[in-house]
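2 protein chains.
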Amino acid sequence: MADLSTTLPLTRASVQAAHELIKPYIHQTPVLTNSTIDRFASTPRTEAELAGTEWAGRTPAKPVLRLWFKCENLQKIGAFKARGAFHAIERLKLEPGWIEGGGLEKGVATHSSGNHAQAVSLAASISKIPAHIVMPSTAAPPKIAATRSYGANITFSGPNAPDREATVAEVIAKTGARMVPPYNHPDIILGQGTAALELQSQLPPATTLTAIITPCSGGGLLSGTALACEGTGIHVFGAEPSLEGADDLRRSLLSGTRIDSVTTTTIADGLRTPVGPIPWSVIHGKGLVRAGYSVSEDEIRRAMRMVYERMKVVVEPSAVVGLAVALFNEDFRGLVEREGGEKGWDLGVVFSGGNVSLEKLGELIA
Amino acid sequence: MADLSTTLPLTRASVQAAHELIKPYIHQTPVLTNSTIDRFASTPRTEAELAGTEWAGRTPAKPVLRLWFKCENLQKIGAFKARGAFHAIERLKLEPGWIEGGGLEKGVATHSSGNHAQAVSLAASISKIPAHIVMPSTAAPPKIAATRSYGANITFSGPNAPDREATVAEVIAKTGARMVPPYNHPDIILGQGTAALELQSQLPPATTLTAIITPCSGGGLLSGTALACEGTGIHVFGAEPSLEGADDLRRSLLSGTRIDSVTTTTIADGLRTPVGPIPWSVIHGKGLVRAGYSVSEDEIRRAMRMVYERMKVVVEPSAVVGLAVALFNEDFRGLVEREGGEKGWDLGVVFSGGNVSLEKLGELIA
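Those protein sequences? They're chains A and B, same order as listed.
The UniProt record's numbering applies: residue 1 is where the first sequence begins, and numbers increase by one.
The UniProt record's numbering applies: residue 1 is where the second sequence begins, and numbers increase by one.
One or more of the hints may lead you astray.
Heads up, the list lumps identical chains together, so a pair's fine if it works in one copy or across two of them.
Think about it this way: if two alpha-carbon atoms lie no more than 27 Å apart in a straight line, the pair counts; the simulated DSS-like pairs of lysine-lysine are [to be verified]:
#1 K128 x K343
#2 K93 x K23
#3 K343 x K23
#4 K128 x K106
#5 K62 x K360
#6 K128 x K62
#7 K360 x K143
#8 K128 x K23
#9 K143 x K128
#10 K286 x K128
No lab work stands behind these hints: they were computed from the structure.
Chain A on its own, in the form it takes in the complex (with noise of 0.2 Å):
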């Protein structure tokens, strides 16, 4: 990862940048709207729904809402991982001094048994530079699978995060690699920050945003998002799972300390991580998010089955809880209504990946 002291200010021009750089690279995904799920969306829940809920007994939300998914799940390797990774490697190519040392053979590494592992394996086999990448042995066979189907060099680790941190440090100290943290790093944020601003040029020529939603877990396409959108006018917020703890993010911006600490069995499997500093430095140090509300495991199935049977596009877990929180949730739909009026709000949603198993998939949604 390039040294910090290289690294571009964490701006809206910085993305712009990023943009420039990782274009060649990566899909420009497409902007796909569905006037089922905006009427859906845009119709008040019953009073029966919010029987049980937090929000019982409360006049349900009218908001008028009209959606526009920004598809991640259809960027290279499925998910937006790909664009911080390939802005991460595109910067450290241009570190004073890193190719000159011998970086393009010693290459890069990470820990990872998710979307970032194969982010970053096909980051570097494009530049044609060895990707030393250390996933838990207990990692998916499919991942693994795909991971080692771009030519990265994988090393098995423990399970947990401090086995994981272990191993690496070996494989960077035996090959020389550069680290390429998945969230926890400006390159990488900047990198995430460019599907926000796509999606802004995407729109029709009369439409102009009101917010931004995306999922929230390291917090990297959260800022980056939040990067893009300032000084547009374009408010953001971002959307967690709240099993166990895992909204983290909202607890967080609502005492104003981060929390560092999550343990949680979501079913939104790549939303298990707090926020890091970095990110956390944009999203409440420069104010630039707004808020994050957090659903139900029942309502991330409930918003993947419509998007399946309604949208044609296969979504992971994590991919749904910003569509979930403008279904479900009464504060967030509550905001809208109050802001938004009759007029209503034009919310981009982001779906930050599709890599989930058929098999998987149907035990899901089933």
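The hints should help you fit chain B onto chain A, whose structure is shown.
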């Protein structure tokens, strides 16, 4: 359906006119690319794979293919059929005397167990006219529910074509509704052709398509595509299942005589109908389709799995026959090798629809 004396001539200019008419109602569906699938398509099959096929013992072809996927599975109602239905109804509204004769109150009628039923129902509902849909009582419950969700009046019939036709004739006699046939009409053909027209305009500036391949059943999509390519130099091919004689297009083109009866149980359930006479007049009469190629049931399943895993979009079995031809049909692949050489072909591949339940998809590609 608009009287034949009032329809536009079967030309590329008429496809352009159709596009102007329906543009406000349809999605401009995205065009996706996938480097993994391109690599797979551009890798020769092994001799072991060809053993047991009609190409056993032949040297595997070495085509170079860049595929451009036109995603009509992401169209409204999940299939290209929306294009023809919107065009048919917009043309009907322009037919002299139809509105004055109470057409808006009498509405439209058709019989279909699948995508055409939903397409006509949606298009009629947008124009606020009644849709009378005859469905076989054996139709899948989700398809009945989807058709009903657009506000259609559904009448059930026996499962065979004569039963369905007799029932729709009764409905028309009773209501005065105008028939909207699924493929054998110029308005439908011109509407379906708009997908290929869009595809031509969605490529990067330096790219010119060598050919487009579409699934072929009644021939509306294929003949419309052929008209959209007339005079452009783009070759047009049809793709079909081979099971139990479902390859009627291929056989008709070889003999020069249209086969008008097919009985097949192919999993590509949208492709069980033989080419109709008006589509045939374009395909063969105008000489605008170069050839038909067919694929096995197993090849259809393999292509579906690849699309699910690599592209993250949902496709029904009928949708992938064009891709399966590009991946597996050695006659087609040999043609690309011979004519495309090292430069290869840029091939447009139309994904026709994505209406398949998750349960069914799981069964098909397990």
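Hints and how they fare:
{"no.": "1", "hint": "K128 x K343", "verdict": "between (51 Å within a copy, 24 Å between copies)"}
{"no.": "2", "hint": "K93 x K23", "verdict": "within (16 Å within a copy, 45 Å between copies)"}
{"no.": "3", "hint": "K343 x K23", "verdict": "between (35 Å within a copy, 24 Å between copies)"}
{"no.": "4", "hint": "K128 x K106", "verdict": "within (11 Å within a copy, 66 Å between copies)"}
{"no.": "5", "hint": "K62 x K360", "verdict": "neither (34 Å within a copy, 36 Å between copies)"}
{"no.": "6", "hint": "K128 x K62", "verdict": "between (53 Å within a copy, 25 Å between copies)"}
{"no.": "7", "hint": "K360 x K143", "verdict": "both (13 Å within a copy, 24 Å between copies)"}
{"no.": "8", "hint": "K128 x K23", "verdict": "within (18 Å within a copy, 44 Å between copies)"}
{"no.": "9", "hint": "K143 x K128", "verdict": "within (21 Å within a copy, 49 Å between copies)"}
{"no.": "10", "hint": "K286 x K128", "verdict": "neither (37 Å within a copy, 50 Å between copies)"}
Hint compliance for this structure: hints 5, 10 are broken, all remaining hints hold.
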